[in-house]
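> Numbering-wise (my numbering), the sequence shown opens with residue 10 and increments by one.
To be clear, the hints were calculated from the coordinates, so they are not data collected in a lab. Please read these numbers as outputs of a predicted model, since none were measured by experiment. Check before you lean on any hint, since a few could be wrong.
Keeping only pairs whose Cα atoms sit at most 25 Å apart, straight-line, the calculated PhoX-like set for lysine-lysine is [unchecked claim]: (1) Lys84 - Lys246; (2) Lys126 - Lys84; (3) Lys125 - Lys84; (4) Lys116 - Lys126.
Here are the computed distance ranges between Cβ atoms for each label pair [claimed, not checked]: (5) Lys250 - Met166: 33 to 39 Å; (6) Ser205 - Glu80: 19 to 25 Å; (7) Asp194 - Glu80: 25 to 31 Å; (8) His24 - Lys155: 24 to 30 Å; (9) Arg111 - Gly158: 40 to 46 Å; (10) Ser160 - Arg58: 22 to 28 Å; (11) Ser225 - Pro14: 38 to 44 Å; (12) Gly43 - Met107: 17 to 23 Å; (13) Ser229 - Asp173: 34 to 40 Å; (14) Lys139 - Glu46: 22 to 28 Å; (15) Asn73 - Ser105: 15 to 21 Å; (16) Asp23 - Ala172: 33 to 39 Å.
Just so it is clear, CB atoms sit at the ideal spot from N, CA and C, and this is done for glycine as well.
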Amino acid sequence: YLIPPKSEILDNIDHLVLAYDGPSEAHDTNRESGSHEKVIKAMETASGRVRLWTITVLTRHNMNRLDSIMETAAKYGFQTTFQTLHHNEKLGGDTSGMMPSRDEYSKVYAELLKLKKNGAPIANSSRYLKSLMNWPDYSITRMQEKFHGVSCRAGRMYCNIDADGKVYPCSLLIGLYPRAISALDAGFAEAFDRTSELPCQACTASCYTEYNYLYSLSPSVALQWNKAVRDTDRMMKERSKS
């Protein structure tokens, strides 16, 4: 929303990630009316000036629009990332009406994996896509088992600071984690120290799953993310010359 009128901020940004959920009818249904036009203007402004990625939340409204998303990525020179609906009701409200079936979600992740193998600009690691393809129930976004094959590093290697200053292990636990205290009141060190006890070890959130792979030193994931950044730099240079 702020990028076109304040494009000077791009000079101080290393990497920009925009929420993009596909063509206008899908994006505006997922987000709000008129938001697609605004994100396209942001892409036009940022393309060729900064490393540009998008994050797409897969729902019933856009899960069949992958081709359109890839075409837009090629046009503006960005890498795509994808994730499921995963925020709790306190943070994201009731999203049951947008939730695809288990088979639909599994099939779209299988399609993303195929597209990535064929060279599509998808930054998500193959390991993440394979794991999410096999998630047992997408309406349940967290589990106690190490489903992805690694331990969760939330509360040790990263955290989430909410708008009120409270520090949580991750955004999925906002409003659900009784140990959370405000960094504004207690200081960040004490607030962060209280996040090390976790009620879960796996989730459907793409960012945290990828963090956990990287912090567990997964060679394949690290190499794929390195390639995604290098591909982004190449795409940015090509766009800057056009």
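> None of the hints should be skipped; say for each whether it holds.
Hint by hint, here is what the structure shows:
1. Lys84 - Lys246: holds, 13 Å
2. Lys126 - Lys84: Given pair Lys126, Lys84 holds - Cα atoms ~20 Å apart, limit 25 Å.
3. Lys125 - Lys84: holds, 17 Å
4. Lys116 - Lys126: holds, 15 Å
5. Lys250 - Met166: 33 to 39 Å: holds, 38 Å
6. Ser205 - Glu80: 19 to 25 Å: Check failed, 44 Å falls outside 19 to 25 Å.
7. Asp194 - Glu80: 25 to 31 Å: violated, 48 Å
8. His24 - Lys155: 24 to 30 Å: holds, 29 Å
9. Arg111 - Gly158: 40 to 46 Å: violated, 21 Å
10. Ser160 - Arg58: 22 to 28 Å: violated, 38 Å
11. Ser225 - Pro14: 38 to 44 Å: The hint (38 to 44 Å, Cβ to Cβ) holds, given that Ser225 and Pro14 are roughly 41 Å apart.
12. Gly43 - Met107: 17 to 23 Å: holds, 19 Å
13. Ser229 - Asp173: 34 to 40 Å: The hint (34 to 40 Å, Cβ to Cβ) holds, given that Ser229 and Asp173 are roughly 38 Å apart.
14. Lys139 - Glu46: 22 to 28 Å: violated, 35 Å
15. Asn73 - Ser105: 15 to 21 Å: holds, 19 Å
16. Asp23 - Ala172: 33 to 39 Å: The hinted range 33 to 39 Å is violated for Asp23 and Ala172, with Cβ atoms some 24 Å apart.
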